[in-house]
Amino acid sequence: MSRAETGELNFDALIGPHLDAGYRTALAILRNPDEAHDAVQESALKAWRKLHQLREGSPARPWFLAIVANHCRSERRKHWWSVVRVPEVERADQEFQTDNVDIDRALATLPRDDRLALFLYFYLDLPLEEVGAVLGISPSGAKTRVYRAAKKLRPGLEMD
Amino acid sequence: MDDLRSEIRASFEKEQAAHPPITALRQNVVATVNAHSPRDTNYQWLAVAAAVVLGILVVVGLMSTRLARHATMPANPHSSPVVSPIADYGPSPAGIPLVYVQDPTHDGWLIGFDWTGKPRGTVKMPQPIAPSNRVGQSPDGSVFGISPNGKGGYTEFLDGLGNRIPADTSASEWPVSAGEIWADDGKHLCVIWYPQQGWTLSTRLPGKGPKSVPVAIDPDGAMSRTGIIGFSVVGCSLRNDRAILTRGVYGVEEHVWLVRISDGKILSHQTYAANQLSNITSSLDGSLIAENSAKSSGQIAPAAPSTIIRRASDMSVVLTLDASTGVLGFNSDSSMALVATSPWVFSGVPTHMALIEVTTGKVLWRYEGDEVLASLPLAQPNGKDFAVMLKGMADSTQHPSVSVMIVHSDGRATVVRGSYVHL
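Residue numbers (the numbering used here), protein chains in the order written: chain A, 1 to 160; chain B, 161 to 583.
Quick caveat, the hints were computed from the structure, so don't treat them as lab data. This structure is a prediction, so every number in the text was calculated from the model and none was measured. C-beta: ideal position from N, C-alpha, C; glycine also. Hints are not guaranteed to be accurate.
As the list claims (entries may be wrong) - Which stretches of chain A does chain B cover? Using the computed rule of at least three CB atoms under 8 Å from a CB of chain B, they are:
| # | stretch |
| --- | --- |
| 1 | 18-27 |
| 2 | 40-54 |
| 3 | 103-116 |
| 4 | 119-126 |
| 5 | 144-154 |
Okay, chain A solo, but in the shape it has when bound (with noise of 0.2 Å):
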């Protein structure tokens, strides 16, 4: 077996069962379907060519989770700029009222990463470790980020 058939393999047994979680990641940040199939696409590349920087040993769905939400990231940044220009974007957060908030629209105008969070802990079941690791922090700080999200939806909530 040659070496890039063995490659193929590895790509195929450590990412392929992940990329059903790509898509939906996707999905989850662009919200459009074409664009989250190419972004699952497009990251999958990226993933092989960057295989060599898997750590052996280290979790596979974590570290191309990562790679899918950079490269939304980087996406919805183009379409925002193509959209409007304007001198500045910085984004306020957003809060809501406790009783009269309906969950999927507080959800939708979540900033990005706070929805994130949410749907890699409460929808994907990652743990804390893997949340922290698909979003570039640490797991107290994937912790205190999926706290704080749902803060906003609840205010009163006491985290488990």
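Fit chain B to the given chain A structure using the hints.
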């Protein structure tokens, strides 16, 4: 926490279920990766270069086809009615500005929310709103105007308790234009119309006869003779004695006039070449106007190269925005503008919005959801906030199902739970 976990999961599940991955995702992606697999190290750079070119093509393709893709986006899966606390909140409190929507479960009931998003009162109209009628609220919600069949001006008014306001029978003529807007005092209506004596600017209190002055916006009748009128009042400040009138007709030159309300004197007149602008919006006090480039409504070319906010008094530039940005409205003190960053007038395109500071252009808040504006934003009376009503893209009815979002000037947004019915 468990409840919230379930709610969040359910919300994401709804979004994900609407767009599952293609069935052969894994096989396709692995095959693509294999196709790029280098058999020789020397080909690696070629693969990288090809991927870069492919990436550029993808980005260019995405940018160039953005409108087309938006036009085919499915309706928002969240636009269907959701469970919401519908109740009789009692008579609306006097003196508190409210934003009204129809109660989805009781014909003829209007629910008023205050500017923190709390339901504060229920107005029970004498009869249900006919599907074809247009109902408008005054800025503070103390008066409702009813326009039969959505054509012509308001012919009937109700007070904040839903009681009919009797019409002044001594008035000889009533404006018939559909383009009535509320003045900045929140009590008068302003309209430009054409009774027998020529173009006339009128102000009136609900139920009262109009106070009118002639305005020489078309002294020789040349524009009126084209049969395409297009005159409207876009700003009306009784406090400053100023009105902003426009003539906006697609394909012909656009006009904007600054007019003194008390005597109809034209203080300034500006014209724009055909096809440059989509429309002109004004601040409530008539001090600012926004020249929205035609590009903001999706027109590719020709179009003004920028959207510009100007002082109406001397037409000096206050802020220049990208041409794809359209100013939807200004808040009450003209310090903030709510802008559309997507060509929202096209059906099927979600309305993306931003709240910006007028003097600096600083972005304080953004909305990039999947829904569209059901009507122009409402400015908080004597405050700084906006209220917007959002509907699903597929809902093209006269009274769509909407939710209410209060956009606060500090960059927060309050979303009112539920799926109400637009007035």
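Okay, the hints, checked on the actual structure:
{"no.": "1", "hint": "18-27", "in the structure": "holds (count 5)"}
{"no.": "2", "hint": "40-54", "in the structure": "holds (count 7)"}
{"no.": "3", "hint": "103-116", "in the structure": "holds (count 7)"}
{"no.": "4", "hint": "119-126", "in the structure": "holds (count 3)"}
{"no.": "5", "hint": "144-154", "in the structure": "holds (count 3)"}
Checked against the numbered hints above, the structure breaks none of them.
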